[in-house]
Amino acid sequence: MNKLVFYTFLALFFLGCRKEDKVNFDGPSLSDSFGPFAILQDLSLNTYEVDFSAGQQVVFSMELSKNTNWVIEIEGENSGAVRTITGNERILSIDNAKWTGGANQFPSFNLEKAYITITFPNETDSPTILDSVLITGLKQDEGFLITSFEEGLGTTWQQFNQTTVAGTITCDPALAAKGSCFYSWNGTVGWDWAIGSVTIKPPSGTFGLPSNANNLFFNLAFKALQNVGPQNSFLLFWFDEDDNGDGVFNLNSEDRFIFEYWSNTLDWDLISRKYADLKFDADGAEQTTNGNGLTEPSKLISINVFFLANPNNGNAQAFADHLIFTLNEPYQP
Amino acid sequence: MKRIGYILLLLFVSQNFWAQERKFQVNGDARGYMFAKNMLIDPALDSINAPRANYGHTLLDLGFSIFPNANTEIISSFRIRNELGGFWGGGVSFNVRQLTLRGVAGNVVKYNLGDIDLKMTPYTLYNFQEEGSINEAEIFSLRRQVVHYDMFYMPGNTWRMQGAQIGFGLQFSKFLKAIEFSGFITRQRPTDGITIPERLFGGGTITWKQNDHLSFAFNSISLFDLTRTINDSIRYKNNVNTFSVKYRNTINDHIDWGFDAEAGSSNVNYINYVNPLAPDLQNDWFYDASFTLNFKKPKILLNLGYKDVGADFFSPGAQTKRVDFTKFPGVFQQYTNAALGRQVNITDIINHNAAYSYQISDKLMAYDVAYNNINPHGIATPNRRGVYLNAERCDSVKFKRSFIQIAQLFESRGMGTNLKKSFTSIGAGTDIRINDFFGWKRELVFNFGLRHDITNRGGEVFEKINLASTLVDFGLSLNIVGKLDILLGAKYFQAKGNEFVTLRNAFNTVNNFQAVDLDITETTMAAGLRYKFSEKNQLLVNYQNHQLKNRTTGGINYGISQFNILYTLTF
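Here the protein sequences line up with chains A and B, keeping their order.
For my numbering, add 234 to where a residue sits in the first sequence, where the first one is 1.
For my numbering, add 270 to where a residue sits in the second sequence, where the first one is 1.
Hints are computed from structural coordinates only; laboratory data are not their basis.
In this text, all values refer to a predicted model and were calculated from it rather than measured experimentally.
Beta carbons: idealized from backbone N, C-alpha and C, even for Gly.
Among the hints, erroneous ones may be present.
As the list claims (entries may be wrong) - Looking from chain A toward chain B, a few residues come up when the C-beta cut is under 7 Å (computed): (1) 252; (2) 264; (3) 514.
This is chain A alone, in the form it adopts within the complex (with noise of 0.2 Å):
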């Protein structure tokens, strides 16, 4: 029995050994994310020429030697648009590294060369990656365009100046947040608030907007560039609806939405709210409005974009430019 026993044992110890595994490990390779960092593959574009407008768009490819943040930053030549990339991905691909023409926020790019800045934040001594591509056609937007004022003002539209005021459609790429053109207040009006407005209306009826009002959301860019602040300058927008149908807005007898933003930075800003919520105001309370109290972006037959700025202040000046209704989202510059 002693004998037995032995030999139980060497047999277990001699054939029972696993044999050595040298393929296989577990988890991730600790190369990917904690080894020498190197570029295994250079970054290579699948085009140098990009039409975003046919549905184009330009794939970054790469192999680094680990799992890193890297940053690819692409810049508008005119426009100074900027999108930003991001990943911590080994291999830079069309999964995870692509670009369909968008910027982070206004301004939008334009038909312009975009420098491309690839970096690794986290690797020391690791070198920039530089690269451009040309845009031939700019990225198509999605929604409700109502005006990007590149086609001058409109035939039904009216404008509102203090007399100390220059306000019109201004053209400037390079200053536009999305194409060419803008609309530009300029002006001291050392007497009132009130710097000047542009009543935007569809060439008839209403601007054929959807019925539903909780998936649909009104964007706008806004620059202010002097009497600039929470406290200093805004705009105020009125949302007219022809809530009878007669093709004529009675504030009387219909409503009027009426929503304030005030400026902040120097910088392009989007303003966007989901259209349902023009009903309540800052504060959060419903408005009183004058005909059913629906929101119904059905039927909008005029919005007013209106500039007012602190008369103490001196001179205000501000752009605003495309604006666009979005559904599900607001607008993706």
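On the provided structure of chain A, position chain B as indicated by the hints.
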């Protein structure tokens, strides 16, 4: 008052029953435990969290054993707990701590129903010791015993579960001595009726006793979800089957020898899970074999063995940890002005401030690589193979108990790299009766324990590991007069080096590693007085100071001082 009257009446009646017919027996434990703690941290680092905590409780576990007939016993235990400061019923809780029916059916089958304590083998069902002690001082172990008692971590490494257990044996006059059968089924988790199926845990052992020297056993255990307890077909199933052999014999009048081995396999199925991360089937195997030499004079036990536990060997009953290191401690949970969560330290575990397990975990629980990187999931820790040696000297007059534990283990599969880690562990400890050396009547016992663990892995700079941790336990107990003892204790823990903490997803699969650099020391000094009213009744008053120094970049140094009173009574 009425309640106290009932209790006194019960006590009176029970004593009478017990004395006359032994049909009713009352026993119990009473405890008073009070803490006054101070967080010691630089005020510049923490000026927002309260630095003081005072709390405590008194409790009574009143147990009743009823013997309705000669073959049946009903055991119940009721806990009345009153939190310190919860006057007039506020903070008082009443719980059923145990309800068990047990007996022998037909003079053949032993059974247990209700709350049962279960253990099988170290690879199937085994509640292994938590971190932070090696032959520690009595001033610490007395408080650790409170945790063990409360969490049902009974001597013998059992798990407290709820279910049913049976056992019976057959004895033979020829060919073999006996065959014994035992089995159990317990409920681990109730269903929520929507997404979580009911989970059961069951197993059993068939032991074949060939003769007084040799026995074999087949052990099988399963953690599984019960079908149709939710309106979904997902089901988790883990099976572990092992075969063990035990042999004992005599070499001569002075030496016995023995051989123990256990080998088996596990498989895990995530059935009908739509999550792509859920593996279809994971299986692996293990074996563990050891020789034992037992010298009778002096009484020394030597145990030399080799084990190989596969990386995918999952045995929840044997690998569930007592301490959940993902949870913050119960006292001073947050510290620093940034309100950081404080990690569990060695004294939190002693003081019942850590989160402890009371259920079997289907996932390998997170562990602190500083405290135990060698066998963090017990003897059945997966992905370990190598030799171990245990030596123990027992019952010497002057040396009450001495032991040495050495292990040299390796990974069988790399973690994040093809290179394997090596683990070296050296432990030793002794209790020395100093009074016996000098012939003193009053007991003076010194105890000492040391454990030094080293983890290494070579390779490129980014994958190298070099981690060393040391735990030293000192203790002294001196009987100064009558039943009054002075107790002193010290713990020193140091961990220095680097490791990659393994992160697992919900399906036990390694999905990432967290690089950690360690350079910490923990020093715990404790002094106290114990008065033994009797062997089952004592009062401990002690002061303890714990300091944690973290020398890594951004590490936070802090300490916790505490004064506590512990009164225990068993009757």
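Each hint tested on the structure:
With 7 Å as the threshold, the beta carbon of residue 252 of chain A comes within range of chain B, its nearest partner Cβ sitting at about 5 Å, so the hint holds. Given hint, residue 264 of chain A at the interface with chain B, holds; its Cβ is 4 Å from that chain's nearest Cβ, closer than 7 Å. Taken as an interface hint, residue 514 of chain A does not check out: its beta carbon lies about 35 Å from the nearest beta carbon of chain B, beyond 7 Å.
Violated hint: 3 only; the structure is consistent with all others.
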